[in-house]
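**Student:** For reference, the chains in residue letters:
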Amino acid sequence: MTSIRGRLWRTLPLFAAAALVACAVAPLVGSTHLDLLKALDPSIPFARNTDAQILFVARLPRTLAAALVGSALATAGVVFQGLLRNPLATPFTLGVSAGASLGAMLAITFGWTLAFAGLSPVPLASFVGSLGAVGIVYALAQARHRGLSTSVLLLAGVTMNAFFSALILFVQYFANFAEGYRTIRWLMGDLDVSSYEPLLAALPLLLAAFVAFAWLPRQLNVLSLGSESAEARGIDVDRAQRLAFFSASLATGAAVSVAGPIGFIGIVVPHMVRLVVGADHRVVLPASAFFGAAFLVACDVVARTALAPIELPVGVVTAVTGGPFFLWLLVRRR
Amino acid sequence: MLTADDVHFGYDAAPVLAGVSVSVGRQGLVGVLGPNGSGKTTLLRLLAGRLRPRAGSVRLDGREVSGLSRAALARRMAVVPQETHLAFDYSVMEIVLMGRYPHLGPFELEGPRDLAIARDALAATRTAALEARPFNTLSGGEKQRVIIASALAQLDRRAENGGTRADWGDGLLLLDEPTASLDIGYQLDILALLRQLWTDRHVTILVSTHDLNLAAGLCRDLVLLKDGRVLASGPTAAVLTPAHIRALYGVEAEVRPHAAAGHLTVVPIGRVGDEGARP
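Chains A and B supply the protein sequences, listed in that same order. 1 is the number of the first residue of the first sequence in my numbering; add one for each residue after it. 1001 is the number of the first residue of the second sequence in my numbering; add one for each residue after it.
Extracted from the complex, chain A is given alone in its bound form (with noise of 0.2 Å):
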């Protein structure tokens, strides 16, 4: 048995390095070959430099953007799983991604251009849109006392998916033709950005719920054994409910914001990272985060490259990777 302190300095750092190591290489990787020397060559001008051009507008904010999403999902499914005690419960199966994009995809559609206190609408409509998804699984939780039971989980989650899609259907009828398109493979989870722009967008929005995330892994711990206990070990139950529904609603929106729905992020990354650092969510948390963002821009190369010279939403790789572990994970569970 290691201390905590021990496991932290073991663990964090390599998935900290894995995190890096993604992101350095990912941008170097793709379909037209990079001179990295020639991208980074001060005495040529930037106009001139198509390397570098490659390298700054095209695959760097893309490798950021995955880096960041992947994390963002990846922790958001952590705190829903802790919350709801239960290790099925993601973003994206709770149905939460999809009140996101509902969001985004309305303030996309209708083109509104009313700022919020200095941060762009498309993020901050992406987060309504979560925050009311997740609103209602908080009542369903809150009406069944012991947490959702698998069944009624992922039913809700079903549901969920099913309303907010017919919804993001009747909002696309009043789309045009080129906006269709781009909200089609928007919808299917989409690295795309070839720009800084929608990254900065998201970036407040995260950050506060990664700082919010800063006070929920002690307390996700104690919740597991169950709220009434939880209670008797000097937790405010609510208050930390509450914290961690919100802080994991502003990091869906965000990520939804930037990349669209990316499926599956929040159960593959936490339940490796589980697999190989235990279940102390100290560890988890910070872990999945590194993890997270690896896991995103390793999955987005793929999709860069594995038809190219087509580019694949990035969605269509993690579903095909993440839906049969998710069913693996349904079955072991009995």
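Check before you lean on any hint, since a few could be wrong.
[Claimed, not checked] Label pairs and their in silico Cβ distance ranges:
hint: 1; chain 1: B; residue 1: Arg1113; chain 2: A; residue 2: Ala17; range: 27 to 35 Å
hint: 2; chain 1: B; residue 1: His1202; chain 2: A; residue 2: Val152; range: 43 to 51 Å
hint: 3; chain 1: B; residue 1: Arg1113; chain 2: A; residue 2: Ile310; range: 56 to 64 Å
hint: 4; chain 1: A; residue 1: Leu327; chain 2: B; residue 2: Asp1183; range: 29 to 37 Å
hint: 5; chain 1: B; residue 1: Ala1123; chain 2: A; residue 2: Leu327; range: 51 to 59 Å
hint: 6; chain 1: B; residue 1: Gly1234; chain 2: A; residue 2: Leu275; range: 54 to 62 Å
hint: 7; chain 1: B; residue 1: Pro1035; chain 2: A; residue 2: Leu14; range: 31 to 39 Å
hint: 8; chain 1: A; residue 1: Met272; chain 2: B; residue 2: Ile1269; range: 42 to 50 Å
hint: 9; chain 1: A; residue 1: Leu60; chain 2: B; residue 2: Glu1083; range: 50 to 58 Å
hint: 10; chain 1: A; residue 1: Arg5; chain 2: B; residue 2: Arg1201; range: 23 to 31 Å
hint: 11; chain 1: A; residue 1: Leu327; chain 2: B; residue 2: Ser1139; range: 24 to 32 Å
hint: 12; chain 1: A; residue 1: Ala208; chain 2: B; residue 2: His1202; range: 21 to 29 Å
hint: 13; chain 1: B; residue 1: Gly1162; chain 2: A; residue 2: Leu60; range: 25 to 33 Å
hint: 14; chain 1: B; residue 1: Asp1005; chain 2: A; residue 2: Ala214; range: 40 to 48 Å
I should point out that these hints are in silico values taken from the structure, not numbers from a laboratory. Just so it is clear, CB atoms sit at the ideal spot from N, CA and C, and this is done for glycine as well.
Fit chain B to the supplied structure of chain A, relying on the hints for placement.
**Tutor:** Using the frame of chain A, we list chain B on its own:
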């Protein structure tokens, strides 16, 4: 140590508890006995400060429980539920260390002292050998012993009092039907463990149960709860009578000291009014 004085409570308009008074003195061992739905769990929640009474008061060492902070309350009182199910694979040691929650700051990690406290709690519940096992692989009785160890780690005050040995004397253990989902072997295990914690370790214990023989074998004092009111309370020998059992459960029973068991035993004979079952 802990007293509830004339408490009234209801989740909605219907009262669940109507004027209940209970008192546990320092190093007391009190059982709350009553049929399902008599208000035992609600009473325990009120005593633990989870619910606030509509009228009446709950006091810990003379201070209103609702006026104490959650952490302060948790350092004095630990709750053991009937069953614990985990969604994730924590080790036994991790579960016991969760008892240290109210003693640590928001970003403080458990140190060597917390580990020593957890090991002492495991030793006291005879679960030291299970330390590294995943909690989910334990038997029901082992799980319950580990949860009691976690509660002891929660109550250990050596960090505050500057000692180096287990210090549970100030602590109150509230157990809500701790044996209800265990088979008879494990029931006796838990009974023996609680008795030992009380006699050797001076832990104050309040336990709710509907098991007459558990109450008879364990508790020094009993509070009989029926329909949200106290039917009788006092020393076990005085309270556990055939008349009270009839009033409590509608069951005819014999109560007599058992030489081998060393305490009163209750033998249910039959339902009240069921003539064929009468001796």
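**Student:** So does A/Met272 sit 42 to 50 Å from B/Ile1269, Cβ to Cβ?
**Tutor:** Violated, at about 60 Å.
**Student:** Do B/Arg1113 and A/Ala17 keep their Cβ atoms within the hinted range of 27 to 35 Å?
**Tutor:** At 33 Å between Cβs, range holds.
**Student:** Regarding A/Leu327 and B/Asp1183, is the given constraint of 29 to 37 Å on their beta-carbon distance met?
**Tutor:** 36 Å, holds
**Student:** Measuring from beta carbon to beta carbon, are A/Leu60 and B/Glu1083 in 50 to 58 Å?
**Tutor:** 52 Å, holds
**Student:** Regarding B/Gly1234 and A/Leu275, is the given constraint of 54 to 62 Å on their beta-carbon distance met?
**Tutor:** 55 Å, holds
**Student:** Note whether the CB distance of B/His1202 and A/Val152 lies within 43 to 51 Å or breaks it.
**Tutor:** 45 Å, holds
**Student:** Please check whether B/Pro1035 and A/Leu14 have a Cβ separation lying inside 31 to 39 Å.
**Tutor:** With a Cβ separation near 56 Å, B/Pro1035 and A/Leu14 fall outside 31 to 39 Å, so the hint is violated.
**Student:** Is the hinted range of 21 to 29 Å satisfied by the C-beta distance from A/Ala208 to B/His1202?
**Tutor:** 49 Å, violated
**Student:** Can you tell me whether the CB distance of A/Leu327 to B/Ser1139 sits inside 24 to 32 Å?
**Tutor:** Cβ of A/Leu327 to Cβ of B/Ser1139: about 31 Å, so the range 24 to 32 Å holds.
**Student:** Is the gap between the beta carbons of B/Gly1162 and A/Leu60 within 25 to 33 Å?
**Tutor:** 56 Å, violated
**Student:** Starting from the hint 23 to 31 Å, judge whether the C-beta atoms of A/Arg5 and B/Arg1201 obey it.
**Tutor:** 30 Å, holds
**Student:** That 51 to 59 Å hint for B/Ala1123 and A/Leu327 (C-beta), does it hold up?
**Tutor:** 44 Å, violated
Checked against the numbered hints above, the structure violates hints 5, 7, 8, 12 and 13; every other hint is satisfied.
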